Amino acid sequence: MSAEANTKSMSMIVTKGTLDWAYPPFILATTAAAMGVEVNMFFTFYGLGLLKKDLDLKVNTLGNPAMEMPMGGHHVAMPNLLAAMPGMTGITTSMMKDLMKKKGVASVEELRELAIEAEVNMVACQMTMDLFEYSLDDMIEGPQLGGAATFIEMATKSDINLYI
Amino acid sequence: MSAEANTKSMSMIVTKGTLDWAYPPFILATTAAAMGVEVNMFFTFYGLGLLKKDLDLKVNTLGNPAMEMPMGGHHVAMPNLLAAMPGMTGITTSMMKDLMKKKGVASVEELRELAIEAEVNMVACQMTMDLFEYSLDDMIEGPQLGGAATFIEMATKSDINLYI
Amino acid sequence: MSAEANTKSMSMIVTKGTLDWAYPPFILATTAAAMGVEVNMFFTFYGLGLLKKDLDLKVNTLGNPAMEMPMGGHHVAMPNLLAAMPGMTGITTSMMKDLMKKKGVASVEELRELAIEAEVNMVACQMTMDLFEYSLDDMIEGPQLGGAATFIEMATKSDINLYI
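Chains as they are written, first to last, in numbering that gives the first Met the number 0: chain A, 0 to 163; chain B, 0 to 163; chain C, 0 to 163.
Chain A with its partners taken away, still in its complex shape:
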């Protein structure tokens, strides 16, 4: 990271790994990088999965009654009993992916690639790697390993800090 006097910087701690919550960190990272902001991303807990080579992100409406899909001019929430049925996570995931595609929103894979090209600094949480038994072979190339101290160190030097 350069230390130019006027360069702004942002550090994000990325803890969620569902299809919907994968978007905010990568959208913020790519947007900020395009604006000349130096960006750090620390992937931990379920967010660590966002670094996997093969992303298989899923979403389900359970526990989020605010999730409503646009349908023929209306907005429809899914009953919990239906959402809990076998196969519904797959169906909800497909619906959201289709919606994203139809609206021209980039995929998480594409946004992640853009973030790498923009030289966003990515750190994978060593403790989470150990805990959930992942190795660097499972992950895309680029991220370094680090711990909570790595995040705190980055955060003390950043203008914007976000826990996602």
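What the hints contain is simulated information worked out from the structure, not anything from laboratory work. Predicted model, so just to flag it, every value in this text is computed and none were measured. Errors might be hidden in some of the hints.
Stated by the list, open to error - Chain C side only, calculated, beta carbon under 7 Å to chain A, not exhaustive:
{"id": "1", "residue": "K7"}
{"id": "2", "residue": "T30"}
{"id": "3", "residue": "A32"}
{"id": "4", "residue": "G62"}
{"id": "5", "residue": "P64"}
{"id": "6", "residue": "A65"}
{"id": "7", "residue": "N79"}
{"id": "8", "residue": "L81"}
Cβ atoms here follow ideal geometry from the backbone N, Cα and C, with glycine treated the same way.
Fit chains B and C to the known structure of chain A by using the hints.
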């Protein structure tokens, strides 16, 4: 936004839209504004729904075993199988609204109105508007449209940044 | 809190109270404190429960399809219908506690104790205490009572602010 030397500022990115998670951003916004802090709120993903004219916020205990309701001196969590039954989101929502009212906590609508009166700067995420097919007609008057760049711009100038 | 020119400070607003989400605030707090950072924690909503004398934290996979447990070299997610069955929150909680123990991760109780020893400043949200009918007798010794204004005041003076 004025640029007085000593004025503090806070920017929040508001991503959740359930009844419980609607409170923190509006409580923080109105409190900070009352303390002379300049406040920006960027509503995106499920948080966008908090700008709708007619709020119909819901809450369900599914996936949140930490949610326990006070009952006759005890604290009771709801079994997931019960929470998933038809009608239970409505019942849980009513229980929480009744509890809030009994304890003298303002409604989300009231807090939002206070935030508007306090000249909190509200921005609705254009991408989310498009994605979930909302128009400005669905929303209260006041918020402007913006994108992730709008948030990053606000955040680089703020003393406090929170991802909610 | 001292006011040494070079001392960095961090304020966290802690809103979640499940077994998994109890870890990030206490890991960040103890790590930061060990690095000489002054730490404030404001416990509110479901996060207030993390201050209870007797912690009985739980976790369930409902609504979090990103939660996969390592099992014999694979990573396995739990079907929602199974996760909603009676007793499954207890089983999932035991699985995660066993995993943490096997990997040498400290318990939440131990991390909380370390945070107290490191003189992390803890504040319990008065409104949440009233709302969920808790008294200071239910809580560990140490935390003071405060409101949203207490958090805003701390946050305006902190280098790192996180909403957890």
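Verification of the supplied hints:
1. Annotation: K7 of chain C was flagged as interfacial toward chain A, and the flag holds, the nearest CB pair being 5 Å apart, inside 7 Å.
2. Evaluation of the T30 of chain C hint against chain A yields a held restraint, the C-beta minimum of about 4 Å falling below 7 Å.
3. Using the Cβ-Cβ criterion of 7 Å, the hint placing A32 of chain C at the interface with chain A is not satisfied: the shortest such distance is roughly 10 Å.
4. Taking 7 Å as the C-beta contact cut-off toward chain A, the hint placing G62 of chain C at the interface holds, the least distance being around 3 Å.
5. Annotation: interface hint on P64 of chain C holds; nearest CB of chain A at approximately 4 Å, less than 7 Å.
6. A cut of 7 Å between beta carbons decides the hint on A65 of chain C: the least distance to chain A is about 3 Å, and the hint holds.
7. Hint status for N79 of chain C relative to chain A: holds, with the closest Cβ pair at about 4 Å, below 7 Å.
8. For L81 of chain C, the interface hint is violated, since its Cβ never comes within 7 Å of a Cβ in chain A; the closest pair sits about 9 Å apart.
In the structure shown, a violation is registered for the earlier hints numbered 3 and 8, in ascending order.
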